[in-house]
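A.B. asks: Below, each chain spelled out in residue letters.
Protein chains: 2
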Amino acid sequence: MGFGFELLKADGKARRGRISTLHGTVETPVFMPVATLGAVKTMTPHELEELGARIILGNTYHLYLRPGHEQIAATGGLHGFMRWKGPVLTDSGGFQVFSLGHLRKITEEGVRFQSHIDGSYHFISPEKAIEIQEALGADIIMAFDECTPYPATREYATASMELTERWAARCREAHRREGQALFGIVQGGMYKDLRERSLEGLVKIGFHGYALGGVSVGEPKEEMEAIVSHCAPLMPDDRARYLMGVGTPEDIVESVAAGMDMFDCVMPTRTARHGTLFTSEGRLIIKNARFQDDERPIEEGCECYTCRHYSRAYLKHLFRAGELLALRLNTIHNLHYYMVLMASIRQAIEEGRFDRFRNEFYYKRGRVLDTPAT
Amino acid sequence: MGFGFELLKADGKARRGRISTLHGTVETPVFMPVATLGAVKTMTPHELEELGARIILGNTYHLYLRPGHEQIAATGGLHGFMRWKGPVLTDSGGFQVFSLGHLRKITEEGVRFQSHIDGSYHFISPEKAIEIQEALGADIIMAFDECTPYPATREYATASMELTERWAARCREAHRREGQALFGIVQGGMYKDLRERSLEGLVKIGFHGYALGGVSVGEPKEEMEAIVSHCAPLMPDDRARYLMGVGTPEDIVESVAAGMDMFDCVMPTRTARHGTLFTSEGRLIIKNARFQDDERPIEEGCECYTCRHYSRAYLKHLFRAGELLALRLNTIHNLHYYMVLMASIRQAIEEGRFDRFRNEFYYKRGRVLDTPAT
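If you read the sequences in order, they're chains A and B.
Counting with my numbering, you get residues 1 to 374 for the letters of the first sequence.
Counting with my numbering, you get residues 1 to 374 for the letters of the second sequence.
One or more of the hints may lead you astray.
For chains that are exact copies, the list does not tell them apart, and a pair is met inside one copy or across any two.
Claimed, not checked - Pairs of lysine-lysine, DSS-like flavour, derived with a Cα cap of 30 Å:
(1) Lys287 - Lys204
(2) Lys105 - Lys287
(3) Lys287 - Lys85
(4) Lys204 - Lys9
(5) Lys364 - Lys204
(6) Lys85 - Lys9
(7) Lys128 - Lys287
Because the hints were derived from the structure by calculation, they are not lab data.
Sequences are here, hints too, so could you generate the full structure?
C.D. replies: Dropping the structure here:
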C-alpha cells in the first residue's frame, strides 16, 4: 500500500516501469507538467487528464509563499485545492531558493531568504521543507538540497554535495507522512566522482527514489549528457530515477536512453506561451510571417485539439494579436507533443526497439546520430 | 431562406422572438459575447457553445487591421477562420474608428484614420465598411454610422444623425451579399425627437433589423434608459431590435422590459479578467482577502464549470498569483451568468411573468424597484 516502483522491462539501458501511489499509477518513462502555483499555466486539470498527463509537479517555494501550505492543507492538500485527482510530486523548494541569489543565505541549519514577492524574511530548514511538503500532501516529495550552481569549483561542489547529504539525512529523519514517498537528490556538480559519492551516501540513508539535481543549470549539453549517462546506470535498479528540470525532447530521449524514468520541465508550457511549438521535425515559431496564409495545422496528423481545429494562419493571428486563447491552444499542442513522445518511448521500450525509435526521432529532425545508443 | 425575424410572443413591451440565419436560429432576447479579434478572450468556440452562446460578435475595425478581411475571406470567412459554426454579427467599425479621437477625420465621403497599432493611414467609407463586412461574411452586418459622442450639442447631434442616415442609404445601396442581413443604426444623441427622425429615415430606407447606437457612451444611466424606453416601442415590431454595446445585467433587464431583443457587451468577459464576478446577489471581487479560506463556489447552485469545481479560495489564489487559468475560470462563470440570465428572461416572457421576474431580479440584489415595468 502507498508508494511503489516496479521495473517492467529494460531495453538496453532504457527502462519501462510503473509507479504506484495513493492517487493511482504512473507508467514510466513519464513527463510531469509543471503546476508552479497550483495550476499548469492556462490549463484545467480535466484538460491535462485528457492530454494524457498522469502526474504533475507543484513548486513548494511558490506554494509556501502563496497561498501558504497551511491554507492548502486545510482544503485537502494540493489535490483538493487544485482539483487534480492523480499523483502529484512537489520539489523541495531548494532550487527556487538558491535561484534567489543575494536574497538568500545558506548555513548548516538551512536557508534564510527573502520572498521575491514582498521581501519578507523566511527560513527553510530540511525539517521545514518536509513539514511544508507533508502539508501540501503530494504523493512524492523531495529532500531539501543545495542545487550546486554551474560552474562550481571542485571544492565548492564537494562541500555543497556533503551539505546536501547531511540535509537528506535530516529530511529522512523528519519525514513521517504515511503513503508519501521521499526522494533523495544526487548533487556533485559536473564531477563524476562527487556524483558517485553523493549517490552512495543517499542510498545508505535509503529513499523511495533518487533524483539527479543540479543539471540543466546552464552547463553545455555535452556536460549534462555526460553526467546523466554516467550516473543513471549507477542508480538503484529497483527505484524510480528522476531527472529534475529536464528538458527538451532531445534531452528526454537521451536521458531515457541512459536509464532515467521521470522528467519535469516548464519547456513545453513556457515555450508555448512564447509562441514556439514542437513538431516531429523540430520547432515552429508561430508568429513567423510565412504562416500568414498557411491553412495547415501546426503538424499534419497531430491529434491534439489545436491541430484538429485550427490553422497556422489563425494561430499566428491570435498570437500576434496577444489573444489569451493563443497561449492555451499553443500549450495544448506542446503538452500533447510531450505526452505522445513519452507514450511512443514507452511503447518502443516495451517492444524492444528503443534504439530504432531513437534513430528515427533524430532522422525526422534531419539529424543523423553520431553516437550509438548508450 | 437566409435571414429572418419572427416575433413569438409579447409580455408587456418585452418580446420573445427568433432570428433565423444561414448558420442557425437564435432565440431572443439574446446576449452576444464579443470576439473582438476572432476569439472571445480566453475561450474556445466549443466552450462558448457549451455555455449556451448562440451568436457572437466580431469587430470589423480590429479584424480589418489584423489579420485583414481579405485573409479571413480566403479562409472561409469569420466562421471558418475562428471555427465558430453558429451565427455571427459584425459591427461596422464606426464605433472603434470614432473612438480614435484625433487619429481620425470625418468627411461626407467617410472617415480617414490612423491605425492604433502602427499609425498607418486608412480610409473607410460606407461602401468600404460593407465590402469589409461582406468579406468577413457575418450573418448580420451593420451600417456604417457616426457614433455621436456624449455630451453633444443639439446642432452636432442633428448633423451627425443626418450624416449617419445618408451613410445608411449608401450602405443599403452597396450591400449585395445574399443571405446576409444588414441592420441600420439609429443615432440622435440624447434628443428623443432626433432619435425619432433617425428611426423614420432608416425605416424608409428599409433594413433587416434596427439598432440603437450611441448609447452607453458615458451618459448617466437615467439618460440611457430614457432613450431606450422611448425608442424601443417605436421600432418596427417585425424586425429585430438591437441595443449596441449594452450592458450590465440591470441594463439588459431594463432594455428587455422596454422591448429590445439583442445585446452585446465586453462587460462579462472584461470584468472577469479584472476579477469581478457576477452573482444573482450582485458582484463579487474575487481578489478580496475575505475569500482566503472560503471553500464555497462563486455562487451556490451555479452550474458553471468553475462553480462545479473550484472554491473562492482557489480562485482568489489564482487571480492574485496572475495565473492565466484564473482569467479563463472567471470568464466561464460570467458568461454562464449572462447566458442563464437571458434564458431566464426568455422563459419569463414565454410564461407571461416577465414583470415578476424583473421584480425578483432586483429583490435578490436587495434593491426594491421604484418604477413599474414599462
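A.B. asks: State for each hint whether it applies.
C.D. replies: Status of each hint after checking the structure:
| no. | hint | in the structure |
| --- | --- | --- |
| 1 | Lys287 - Lys204 | neither (52 Å within a copy, 48 Å between copies) |
| 2 | Lys105 - Lys287 | neither (42 Å within a copy, 33 Å between copies) |
| 3 | Lys287 - Lys85 | between (36 Å within a copy, 26 Å between copies) |
| 4 | Lys204 - Lys9 | within (26 Å within a copy, 81 Å between copies) |
| 5 | Lys364 - Lys204 | neither (43 Å within a copy, 66 Å between copies) |
| 6 | Lys85 - Lys9 | within (27 Å within a copy, 48 Å between copies) |
| 7 | Lys128 - Lys287 | between (45 Å within a copy, 29 Å between copies) |
Figure legend: structure checked against the earlier numbered hints; hints not met, in rising order: 1, 2, 5.
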